[in-house]
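Engineer: Sequence:
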Amino acid sequence: MLELYRACFERLEAAVVCYASWKNNHELVGALQGNSDIDLLVSKQDRRKFEQILLDNDFVEAGNPWLIYPEIKHYYGLDHFSGKICHLHVYYDLVTGTSHGKEYCFNFCDEALASRFVNSYGIYEVGIEEQALIYVLRHVVKKSSFLGALLYQKERSDYNAERQYLMKNYNKENSVFRLGCSSNQLFSLSTKFFTDFFFCWRRKRALKWCLRSSSLSLLVDGGKRFGYRVVNKLFLKQKKKAHGIAVAVTGIDGAGKSTLLKNLHNFFATTFRTKQYHFGRPTFTLLTFPIRVALRLRNLKRNNGGCSLSAQSTPDKISIVYALRYLVLAYERAALMRKVQQDVMNGNIVLIDRCHSFEVGRMDSPRVAQKACNSSLVNFIGACETALYKNMPKVDLAIALSGSLETFILRNQLREKIGKESDEEIEARYHQNCSFVPAAQNVSEVSAEMPSEDVCEAAKKIIWKFL
0 MLELYRACFE
10 RLEAAVVCYA
20 SWKNNHELVG
30 ALQGNSDIDL
40 LVSKQDRRKF
50 EQILLDNDFV
60 EAGNPWLIYP
70 EIKHYYGLDH
80 FSGKICHLHV
90 YYDLVTGTSH
100 GKEYCFNFCD
110 EALASRFVNS
120 YGIYEVGIEE
130 QALIYVLRHV
140 VKKSSFLGAL
150 LYQKERSDYN
160 AERQYLMKNY
170 NKENSVFRLG
180 CSSNQLFSLS
190 TKFFTDFFFC
200 WRRKRALKWC
210 LRSSSLSLLV
220 DGGKRFGYRV
230 VNKLFLKQKK
240 KAHGIAVAVT
250 GIDGAGKSTL
260 LKNLHNFFAT
270 TFRTKQYHFG
280 RPTFTLLTFP
290 IRVALRLRNL
300 KRNNGGCSLS
310 AQSTPDKISI
320 VYALRYLVLA
330 YERAALMRKV
340 QQDVMNGNIV
350 LIDRCHSFEV
360 GRMDSPRVAQ
370 KACNSSLVNF
380 IGACETALYK
390 NMPKVDLAIA
400 LSGSLETFIL
410 RNQLREKIGK
420 ESDEEIEARY
430 HQNCSFVPAA
440 QNVSEVSAEM
450 PSEDVCEAAK
460 KIIWKFL
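Each residue of the sequence shown is one higher than the last, beginning at 0 in numbering that gives the first Met the number 0.
The set of hints was computed from the structure by calculation and includes no laboratory data.
Wrong hints could be hidden among the right ones.
[To be verified] Here are the computed lysine to aspartate or glutamate pairs in the EDC-like style, where the Cα-Cα straight-line distance is at most 20 Å:
(1) Lys464 with Glu60
(2) Lys240 with Asp36
(3) Lys43 with Asp78
(4) Lys83 with Asp453
(5) Lys261 with Glu426
(6) Lys389 with Glu405
(7) Lys43 with Glu12
(8) Lys83 with Asp109
(9) Lys393 with Asp453
(10) Lys43 with Glu2
(11) Lys239 with Asp352
(12) Lys43 with Glu26
(13) Lys72 with Asp220
(14) Lys416 with Glu426
(15) Lys240 with Glu50
(16) Lys464 with Glu50
(17) Lys261 with Asp352
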């Protein structure tokens, strides 16, 4: 069992919270290791205590706005010892049905919780006979519609494994009968598609009083959700929404920003909606594209296209063309940060390679205004550039990678990158930006001297605190 689960269940026991794992208990050993979710049924009377304990253990709620069902929530926590995500699928009532509808709410939640027992893993589990009855009812409602039956067939092996687990531990002397179904029917359910379909269709008529809403309303809502699931599976690939946050990773070249961002994206994107941007190289806008093309052609004529704009040092004498280039860059960065802000408001975890600073002349900060110039046009451009940076929204969290100059030089030498910086350039940037202050609401420093896996684990823990 993961340590986070252990701590959480111990707190629930101490607070006398009435809960129990109510289905898929054949997978519980793997779920407790973070390989799948745990389905918990929680008494409504203990709802506040339960959610407060999850909050105290740094669990966060997440969900898909297209797939919200009453009395069902998803909570996620980060186990600091293993680095795995713990997923609790919480039910405050016995809501079930087809995977896209959840049309039914059964009225014996209290009876199911009253039958709970402590299993071999030390957590509460709904009584086997109650689980068997719930399994029969789930079987009936899932296979009583043609679409539901097809989806059931897709996960048939998993349902059969759950059935075998219940049959192995079942006691027929403690059978339960409710809503026209008996827990003993666990042993007589047909495995033939059409025979089972008509059996379930007949049984479903006795369950009409358990529908959450009118049949027509549920049919329309179920159709919408099913359509969304198909589109999302094929095209959108959307994950669950958490509390949106913008996280920037800062540090000079060779600090390991790209590696860290890649690892963080791979970790969070498996569960949450995650986006990634590069502040140093923003994409063009419709307004800046023609200017970019013109400046690029000019650079090619002068054979000065090998060095990126953000990497160039500020010349002693600033030309109008030079000032215009940095104004374009500032505008594109401002447009990027507006997009980041929108993504955060929509519940995305946004990872950014570098972020701006309000210190003139620093890395990713205003460049034109740092040099005095007699040209009124250049001064005007410099004022516009400075205003753009000042109006950029701050990121919620900046993770600053720190380390020694020798480490950064060595890592830069090992990087496979076309046109990468020389040792002298790395040293110059190190001294210029060693006290770089990112424009962030919160700044956390992480040592880049550690192996990349340890850097990622440290960053994950920091980010999770802000979700």
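Engineer: Checked against the structure, which of the hints given earlier come out wrong?
Structural biologist: 3, 5, 6, 8, 9, 10, 11 and 12
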